[in-house]
Each structure stands twice: as C-alpha cells, then as structure tokens.
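Student: Can you make the complete structure from the sequences, with help from the hints?
Here the sequence shown stands for residues -20 to -1, 1 to 724, where the numbers follow mature numbering (1 follows the signal peptide of the UniProt record, and there is no 0).
Treat the hints with care, since some could be wrong.
[To be verified] Pairs of lysine-lysine, BS3-like flavour, derived with a Cα cap of 30 Å:
#1 K657 to K622
#2 K88 to K622
#3 K202 to K59
#4 K301 to K59
#5 K333 to K319
#6 K93 to K550
Calculated directly from the structure, the hints in this document are not laboratory data. No experiment lies behind these values; they were computed from the predicted model shown.
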Amino acid sequence: MKKLLFILITLILTSAFSQEQENEDLKVGVVLSGGGAKGLAHIGVLEAIEDAGVRIDYIAGTSMGAIVGGLYASGYSAKQLDSIFRKVDFDKLIQDEVPRKAKTFYEKDEAEKYALTLPFDKFEIAFPSGLSKGQNLYNLFSRLTSHVSTIDDFSKLPIPFFCIATNAENGEQVMLEKGYLPKAISASGALPSLFSPVVINGDILIDGGVINNYPIEELKAKGVDIIIGVDVQDDFRDRKELKSAVDMMVQINNYSTVKQMMEKRDFTDVYIHPDINDYTIVSFDEGASIIESGAIAGQKVMKDLVAIANRQKYVEPALVKFDFEDEIFIKEVTVNGNKQYTKDYVLGKLKLKIPAIVSYEDFSVGVNNLSATGNFETIDYRFKKDTDGTYIINFNVRESPSRMLLRLGLHYDPLFKTGALINVTRKRLFSNNDIASLDFIVGDNVRYNFNYYIDKGFYWSVGFNSSYYFFDNDIAIDFIANDVVNDESLQLNEIELQYSDFTNRLYAETLFRRSFLLGIGAEHKYLRYLSETIGIDENNSPRTVFESTNYYSAFSYLKYDTFDNVFFPKEGMQFEGNFSLYGFAEGRNKDFEPFSIARARAGYAKKFGDKFSALLTTEGGFKIGGNNTQSLDFFLGGYGFKEINNIIPFYGYEPLSLRGNTYLKSSLIIDYEILQKNHLNLFVNIANVGEDLFDDSSWIDSIDYSGIGFGYGLETFLGPLEIKYAYSPERAASEWYVKAGFRF
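Tutor: Below you can see the structure in the form of structure tokens.
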C-alpha cells in the first residue's frame, strides 16, 4: 500500500512539474550599456542571442546601447544592423560634413574662406556647445526608422524599448519611452563636448551614460523575468596605461560608472562583457572587429542562452515592413518654431519646391545645408506617410539666438603675399533674412571685402558688395607696354607695380532648377595702378600713373557647380559665364568708348578608383570694342591668388605676364591621393592670348603658351597648402609656386 501511494504521489508531482514547464514562458529583457564605438559589440551579441533562439521582450539602452537597441527594437535583425553599420562613414557622421555640391552658392563661398568661426555676440567670444550638432546622425536614424515614424509610445514598437538620457541642467536621469524614436536615441547618445545637447519637452539632454550607463533596475521594473546584460564600457586602467592627460580624464570620468557596473552586474542573469580593451570610444574605423568581439562573447554564453530559449514559448515574430524607398513624393512641408526666418527661407536652403519628388540622400544633404547656415540650434523633422503614398514632412526648428560671428583665416600666395583675415558677420541686421559680412585683411597688402545679402531662397535675392584689393609686385613690362614707350637703352624687363581696385556692386540673383544661379547687377569700379620704377609725375614725384579711372557697367552671370571639393575636386562639373557692358567712365581714360567683355569657364572632374582623379578645365574670353581701354584686358600667369579683373592663373609664367583682349586656355590635372588629404599631382596648361584672336584662324593655328609641372597639396583646417613646380618650353624657364590657406 505504501509503495502504491509513493508511485501515485510521484506521478502527480511529475505531471504537475511537466505542466508547469509547459506553461512556463520567461519574459526576457536585454540591457545594453554605453561605450561609444565599443557599443558596436552589441550587434555581435544580438546575433548570438538570435542564434540561440531567445525571444527578447524588452530592450533598454544608454548612449550607443540606446542607438543599437532602438534600431533593433524597431524591427531590424542583428545581421541587418551589422550590414548597415559596416557601410556607415562615422567620420562624416560625427563631423556633420555637408557635401559641397549640396550647399548653396553663398554657403560655398563662405565655407571656402574661413578657417575658424566663433560666436561673437556683444563682441564676446564664445565656443559652441559641441563639435557636432549630430545632424547627420539624426538624418540617418530618421531614414532607418521611417517605418515606425507614426509610433509615439516605444512600448508599441516591434520590441518594447526605452533609453536613458541626462538632464544637463540638474544632472537628473530622464527615461525616454515616448516621443520620436530618432530624437530619443540621439539625446541618449549626445556625448558631451562631441555632440550638442538635444532638447526634448523643454529639457536639455545629454548622454545618458553620465548618470546611468546600465539601466538594469528600470528594466527589471518592466516585469521581465530574465535580464541579459551587455557591458561595453571602459574598466579602470592601471598606472602603465595612464600615459596622458586624456587617459587620466577618461579614468576620472569612469570612476562612478565602473563602480556602478560592479554592483549592477551581480543582478544580471546573463552578464556579457566582450573583450574590447584594445579599442577606444572613437574606434569606429575598427567596427568590424568590434562587432566580431561581441559575437565571440555571445558564443561563450551560448549554453545559458539556449537554456533560456528552451524555457520560452515560441511566438511568431512580428512582420516588419521597412520603407526602403530611394525617392519620396513630398506634397507638403510644415515649419514650426521659426520666428526670424521664413518658411521660404527654410525651403530655399533645403532646395525644395513643393510638391517634389526627392531622394532621401538629397533631402538629407538639404537638411545639413540648412543646419550649416548656423541659424538653427536644432532641426527636427518627422515623415508622415499619407494614405496615397505621398509624404508630409513636419519640421520643428529652434533658431539660434547668436547673431554675430567672428571668423579668421590665413593665406599666402605669390601675388598678394601674406594676409591675415578678420571677419565680423552680423545676421538679421535690418531684416529677418539678411546677413552683413566684413572681411578685413592685414599683411603685406591691406584689403577689405564687405557684403550685405538678403537671402530669399528660390526667389530673387538681393545684395550689395564693396571691396578693395591692392598688391605691390614686380611684373613683366608687357603689362604696361601699351602705356609707356620703352627706351631700348633702359632694357626694362620688369617693373614694380602698385595695383589697386575699388569696386561697388548692387546685384540680384536667383536659383533655378535647384542647381543654377543667375544674377544681374550694376557696378562701379575705380581702377588705379602706377609704378615708382620709371617716370616723374606732375608733382615731381618719382612715379608714373598708368591708370586712374572710374568705370560704370552692367553685368550678368550664370553659375553651375557640383564639384565635391573646389581645391582638389574628384567628381562634379563647374561652369561660370560672365558678361559685362561698360557704358561710362571718368578719370584718366579720356579716350573711353563703351565696350563689353564676355568670359566663360567649364570644368569636369572624374574619379578613377579610390586614389586617382582628373580635372579638365577649358575657358576663354573676349572684349568687344573699347580698343583704347586696355586696363581690363586679360592677364595670365602665376598661381594661387584670388582672381580679380580678368587676372587669371597660368602655370609656367609669373603673374600678369601675358596680355591680350582675347584668350583661350585649357588645363589638365592628374591627382593621386597618396594618403588621406595628401595629394601628388601632374598638370599641363596651354593658352593663346593676344589681340582679336577670333578675327582670323590664329587662335587655332598653334599653341603660343604652355606650362607643365608637378606639385604636392595638403588639406588642412587653415585651407590647402600647395607647392608646385612648373616649366615653360617657350621661355625655357621654370617657376615655383607656394600657396597656403583659403583664398581671399
């Protein structure tokens, strides 16, 4: 009887245990820590979790853990994330780099003059809150999560999710579980000093790792039974590893987070710590190895993961439909938060004319171009897909309170010599869309350039420009050959020339077809040059004045520019055509007759592989009428200076060596980027320059002038540094050119 009772009890207990196991369904949460580039290891760990068959019911993350976790929660698989992050250029993302071809013509000119830009409100120098606004990251996250853009509650994502950020004003933790997913994960990953803070619901938020780099308690409160934790943050370093001040600062910053992790990891059911000590928080270029380290760490706990999976019921994964459209039809754009800058201004910088079919890439670079103006502290947008498949884009912008900038630059070239540029720029001086900018250049030759511009986007913008350029240089006697009779006994080859140009321009311009700039205007130009080498003037001073005349003209221009880099272009096309009609003059030129000048230049750059590129340029110009006015003829020679008044560079000759009222010039440059931003190049240019070349066939009978050579160029934050050697077969002579800094 006892034996029978024992068997009966055993059967009942076994049945109950089996039934309990059958009804068991563990709820699993995954917590992902922050760690910068080290956080890419999360992807490898997630691959291992998938391979084990574990169903993840909740994800929590901080910083890079929030980024990986948020994208995974939106429906991506680990393999998809692996593929995505292997293709990402993190350098461009972090730097908020805006492709040059995406910028407006005004922004191109501004970006290619100044080495340093600082806020200068109330004439006090300030510094930006971060090296990057994180706009590129926001653009990427918005694109990748467009399929869940209508979800405001993160618990409704394919996998419920939350992330941690830090309130920069009071140091308190902010748990983000509602709102717009790209903005939330951007806030959690806003590493102080690297990225600008993100504003959500009026709170200024920075990296969540500052306050809570491993939100395990918050995840536990979501009702999960098992927590799998992935720790990718730095450990304490010993004295051998503390080799620099930076190492020491990182160590100090890690004091609290490392101690917290020591406590929290004991409450983690499956603790995973990939071997990533050899990497830093910015080792994004080693992303593939870091991901592999995460996969290896996941394999080491595979038995534990499989055991967890065996205690879960199988649930059919939610079907996630991704919106991987290359182009979208935008039927409407709304802009909120703009007070000083109109919607038309915003659309103009975005290069959007609604309705329009736009690629995601073009849209993103348009957003970056709007950000690059510096007029907005934050630019948030959200895609809303309508029932007909078209999109409405809602922008929320926060305008920058800064209205004044201080900008600096340095330059050297063989014509203007050394120059230090100090610029003061004032935005919204008289109207919401205007900008006033004054360049003052000190050095061997004092100069200035003032520009006032009212930017109307796609509509006609208007501006006023005033400039003064001066150089004092030895030039070939041919420059003034028609202004002075050269006594052969003097045997003058060169003279010292003081050349000044004072120009005022009133102009209007408009952008059409998203890429072309058309402008018209009126100009006053006072041109004066003299030499103290020869002659005596009326005041018995040792000098001869060759030109001192005011000229009045109307002009027009057409521009197209898609070069990826104006100094070392690898791809793109460039065209510029100018026409000026000079109708009046007063001053030394008593024999003035109206004349016109037309000039055009076209360039094409093509990349061959990763290192080689070629740039082919062809240009020409001619003057109609005004044979008695030769001050505005075409002058060729030299390299590296800012072009003014038809003074044109030409390899193999000194500046202003060749002169004529007509010219044709072509050049070819072969560039080899031996190291990043280090260029070796070979070049050749040919030209015909003379009087009325198009009146007969002389412009194609032969090549009168040529130059060949080689050079080295280095891209620096001050602008390009270039050294070139050129040889002219006609002269049987060579020239060295050294140029440093942006042209101004």
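Student: Against each hint, give a clear statement of whether it holds in the structure.
Tutor: Tested hints:
For the given pair, K657 sits about 22 Å from K622 by alpha-carbon distance, which is consistent with the 30 Å threshold. Straight-line distance between C-alpha atoms of K88 and K622 comes to about 15 Å, which keeps the hinted pair within the 30 Å bound. Only pairs whose Cα atoms come within 30 Å are accepted, and K202 paired with K59 is accepted, the gap being roughly 27 Å. The hinted pair formed by K301 and K59 meets the criterion: a straight-line CA distance of about 16 Å does not exceed 30 Å.
For the hint linking K333 to K319, the alpha-carbon distance of about 21 Å falls within 30 Å, and the restraint holds. Taking the CA atoms of K93 and K550, the gap is near 20 Å; set against the 30 Å cutoff, the hint holds.
Every hint from the earlier list agrees with this structure, and none is contradicted.
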